[in-house]
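Read left to right, the sequence shown gives residues 1 to 342 (the UniProt record's numbering).
Worth flagging that the hints you see were computed from the coordinates, not collected in a lab.
Here a beta-carbon is modelled for each residue, glycine too, at the ideal position from N, C-alpha and C.
Treat each hint with caution, since some may be false.
What the hints assert, rightly or not - Derived BS3-like pairs: lysine-lysine, alpha-carbon spacing no greater than 25 Å straight-line: (1) Lys21 with Lys136; (2) Lys275 with Lys21; (3) Lys304 with Lys284; (4) Lys304 with Lys275; (5) Lys199 with Lys160; (6) Lys304 with Lys285; (7) Lys99 with Lys125; (8) Lys304 with Lys293; (9) Lys199 with Lys35; (10) Lys275 with Lys285; (11) Lys29 with Lys226; (12) Lys21 with Lys226; (13) Lys125 with Lys74; (14) Lys125 with Lys140; (15) Lys74 with Lys35; (16) Lys233 with Lys27.
To be verified - Here are the computed distance ranges between Cβ atoms for each label pair: (17) Thr56 with Glu19: 51 to 59 Å; (18) Lys125 with Ala12: 47 to 55 Å; (19) Thr240 with Thr47: 51 to 59 Å; (20) Gly146 with Pro202: 14 to 22 Å; (21) Asp11 with Ser288: 40 to 48 Å; (22) Lys125 with Gln228: 29 to 37 Å; (23) Leu14 with Thr243: 14 to 22 Å.
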Amino acid sequence: MAKNKFHLIADAALQLATEAKALVARKTKADIDTKLTKALNGNSAPTNTFTFSAGTRAQLCGTGTATAGQQAGKALLVDLLCICAGANTDTTAGKSCCKGCETNPNHDEWQPATNAKPRAEHIAKQCPTTRATADKSTTKLHHLLGDFYTQVNTAKGTGKEMKYALGTVGGNGNDGCTGKVGNTNNGRCVKYTDDSILKGTPQLDWVQNLIQAAADYDTRTDNMNKVQRIADKMEVLNKTATTLLWEQQPVPILQTKATTTTTHQTAEETKQECKAITKADDCKKKESLCEWKGGNDENGEHCKLNETHVAEQATKAGTGENGETKQQISVVRLKLLRNVLQ
Numbered sequence: 001m002a003k004n005k006f007h008l009i010a011d012a013a014l015q016l017a018t019e020a021k022a023l024v025a026r027k028t029k030a031d032i033d034t035k036l037t038k039a040l041n042g043n044s045a046p047t048n049t050f051t052f053s054a055g056t057r058a059q060l061c062g063t064g065t066a067t068a069g070q071q072a073g074k075a076l077l078v079d080l081l082c083i084c085a086g087a088n089t090d091t092t093a094g095k096s097c098c099k100g101c102e103t104n105p106n107h108d109e110w111q112p113a114t115n116a117k118p119r120a121e122h123i124a125k126q127c128p129t130t131r132a133t134a135d136k137s138t139t140k141l142h143h144l145l146g147d148f149y150t151q152v153n154t155a156k157g158t159g160k161e162m163k164y165a166l167g168t169v170g171g172n173g174n175d176g177c178t179g180k181v182g183n184t185n186n187g188r189c190v191k192y193t194d195d196s197i198l199k200g201t202p203q204l205d206w207v208q209n210l211i212q213a214a215a216d217y218d219t220r221t222d223n224m225n226k227v228q229r230i231a232d233k234m235e236v237l238n239k240t241a242t243t244l245l246w247e248q249q250p251v252p253i254l255q256t257k258a259t260t261t262t263t264h265q266t267a268e269e270t271k272q273e274c275k276a277i278t279k280a281d282d283c284k285k286k287e288s289l290c291e292w293k294g295g296n297d298e299n300g301e302h303c304k305l306n307e308t309h310v311a312e313q314a315t316k317a318g319t320g321e322n323g324e325t326k327q328q329i330s331v332v333r334l335k336l337l338r339n340v341l342q
């Protein structure tokens, strides 16, 4: 009965372990991180250096009040460069963006044809830590994107001429996002297409990557909750197995004790029976129980108990069908169960 219970517990644990393994593999942390990296760096390799050999800053970030930048919306760090990278017209380049943004390596003008990765990462580090969060859920993302769309839907320029842009725009913004800030028609800004903001067609690349990352995060969180429930069930199975083991422990001990006592009594009786035999031939007829100790088959009290045979019988009495003691079988099965649970 106990053997069947152990088998049932082991089967249940194995099934739960299989379910947990499948859940963990569906959406991994690496899957989420990959999409977050793409949101930052764009859909190209993470080694993207943001080196643009062709095009001016205005062409990359936004030309005039109606033309979106060629790189606008492709990567968060590129948009950050458009908004905060230094310009040669400012003595404290980039200071209009945020405190600390004007320091090295953003202390001079951003040249699009050079490696801008260190500059972009430096600017990103100046973002207020109060907005940082470990929550990557869709609910949290919607809240943050709500702030973004509120800002991007606020028209820029003295006459609100530039729509669907982020950053600072001077005058009417007709000269585009050149990086200049002051009494000019320029801006340190990034200009998106109307449809990307109003309709999501096409969706900004970094927004799309964040949405996918958040969806994966939601799935993983749900799966981890399921895995925890599975772990709780497996803990119950483990405790049940332990209880069964302790219930089984006294049985082989009592059986062994009882068997030993019976064997001892039988051996004592047999010993006396053997001792009463005084002829060699009669003793040898009972060789499974007695053995003749006399030399040259001399008659006398030379018939003794066959102790080797008695010891073998005692051993068999406490042994299972396959040669393992019942206690050993219980221990082996418990170890197998624990391997399944781990």
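Hints not upheld, ascending by number:
Hint 2 contradicted; others consistent.
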